[in-house]
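> Protein chains in written order, with the UniProt record's numbering: chain F, 1 to 286; chain R, 1 to 286.
Note that these hints are calculated values from the structure, not bench results. Just so it is clear, the structure is predicted and the values come from calculations on it, not from any experiment. Some clues are possibly wrong.
[To be verified] Straight-line C-alpha distance at most 20 angstroms; calculated PhoX-like pairs for lysine-lysine:
| id | chain 1 | residue 1 | chain 2 | residue 2 |
| --- | --- | --- | --- | --- |
| 1 | R | LYS90 | F | LYS90 |
| 2 | F | LYS107 | F | LYS90 |
| 3 | R | LYS90 | R | LYS169 |
| 4 | R | LYS90 | F | LYS124 |
[What the hints assert, rightly or not] A short, non-exhaustive set of chain R residues, derived as facing chain F with CB atoms under 7 angstroms:
| id | residue |
| --- | --- |
| 5 | LEU198 |
| 6 | TRP269 |
| 7 | ALA272 |
A virtual CB, placed ideally from N, CA and C, is assigned to each residue, including glycine.
There are 2 protein chains.
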Amino acid sequence: MTQDSGTRASWGELLRVPAGDGPVDLAAIATDATPGVEGKQEGAALTEATTPSLDELQEKLFASSLSGGDRSVLLVLQGMDTAGKGGVVKRVAASMDPQGLSHHAFKKPTAEELAHPFLWRVEKVLPAAGRIGIFDRSHYEDVLVPAVHGTLGAEQIAARHDEINAFEKRLTENGTTVVKVLLHLGRDEQRSRLLRRLDRPDKHWKFSPADVDDRALWPLFQAAYGDTLRATSTPWAPWHVVPADRKWYSALAVQQLLDEALRGLDLEWPTAAFDVEEQRARLLAT
Amino acid sequence: MTQDSGTRASWGELLRVPAGDGPVDLAAIATDATPGVEGKQEGAALTEATTPSLDELQEKLFASSLSGGDRSVLLVLQGMDTAGKGGVVKRVAASMDPQGLSHHAFKKPTAEELAHPFLWRVEKVLPAAGRIGIFDRSHYEDVLVPAVHGTLGAEQIAARHDEINAFEKRLTENGTTVVKVLLHLGRDEQRSRLLRRLDRPDKHWKFSPADVDDRALWPLFQAAYGDTLRATSTPWAPWHVVPADRKWYSALAVQQLLDEALRGLDLEWPTAAFDVEEQRARLLAT
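Pulled out of the complex, with its shape left as it was, chain F reads as follows:
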């Protein structure tokens, strides 16, 4: 995909799961592909070319909220253990202004969270206007895990899908652009990454025996993801499947998706709510 081609597909179009398109067979999507770029070198150049403009867009988003703008962006990152959610965030957020970011990693629900409807804890950490919110895992855990472990039936899962779709519709109607990404990792690549964590004492803290338990349920997780993507890829909040075996690629793809989301907001620098010359005169008098 060249930068100057007028007819190239957007990254959104390239990676999006079309709404209402029926079951999604993840096995048919290569986890080591790099749609949109030829290779790592082209990817690095594109990352570098995008960084300054994405930073400026983030600043515009934040600035606009100070004068009443209601726009925000919510990046939802899902994926199997070691899919690289943390790494993607670290790379994409590195150049952004922390005051315009809000990051939340969802863990196993607490007793208090379980005593509320499943979207309660999500609502509390939504990004304020002007912010890019990043969810490392999300409300999707509350359909994926029960589906895999069979703790909720198909009807209950479908009801949660409906709730999620209505919830995300309300978000978008209130100014939040929702960017949903599945970091699509290969099973062999996961084994390599987990082995590396066991090999290095400074990575042991990232490993949990539960990761191996979940790995044993791989086909069930893939089926649950496929069903979730089918049911919750909507026109207002589509899913994107980002091949995740190559870390440089998944970081690039997420950066491009964010960049497109922000460009789509048509942000402008807010106009001054004061008389510039009057303030200059006041200032020079001090």
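Given the structure of chain F, go ahead and fit chain R onto it with the hints provided.
For chain R alone, kept in the frame of chain F given last:
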């Protein structure tokens, strides 16, 4: 200050306001000085040399909290408008992992916040274990602003100083290292920076006529800062005065103070709570 000298002063020692040392005369501290380094080139080299180790320390801090560690770090940034609080955060946090950071910018208190004791809103946004919390402004606004505007008397201000000292003592006793920094800006440099904001339409959003109002109260603010530093630079949470006319310097100094604070925690990678060989065998079987 050379990296290999065994006898050099730490950045903390260089910049610290000694506890119980009497009034602090900020006018006597040069705002364009660069204590600890000769110039920008040496500063850039030191910044670059420190970044990887600081990143690793942040990761260790976060990792340790996952296995029960209670340590955290709170960076409190104060300074006049344009002192560069946001810029320092952006530079120092750029290479850190967002999941280990919590950033909070304090604004004028809301009605709900005013209906509570002044430390109420601060308590709510303290960093969790494993995090580096960054306060862009802080509870110190609640002594500085009333002192400058005369809305609280000297006795009430002194009572708040005592409350703050007790509050910060409790924080440190519960595992939080508190790093307090005054970005010490020159009055002429502030004028230049405010003028630049007026000159550039993409910077208008950062300007407020109230900045000029506060500038007119400059001597009162300097006196209030001097008194605050005297009263709240404690052995457990000392203040540091960082000359802020040179942006590269203030970012470097804050980076070094954070690095020293983290080194002081003697963090180790957590040891595995599982049998590595057993997990490797399980993994290889999947």
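> If a hint holds in the structure, say so; if it does not, say that too.
Here is what the structure says about each hint:
1. R:LYS90 to F:LYS90: At roughly 14 angstroms apart (the allowed maximum being 20 angstroms), LYS90 of chain F and LYS90 of chain R satisfy the hint.
2. F:LYS107 to F:LYS90: holds (19 angstroms)
3. R:LYS90 to R:LYS169: It is violated: about 28 angstroms lies between the C-alpha atoms, which goes past 20 angstroms.
4. R:LYS90 to F:LYS124: Distance of about 26 angstroms is beyond 20 angstroms: violated.
5. LEU198: holds (5 angstroms)
6. TRP269: holds (5 angstroms)
7. ALA272: holds (4 angstroms)
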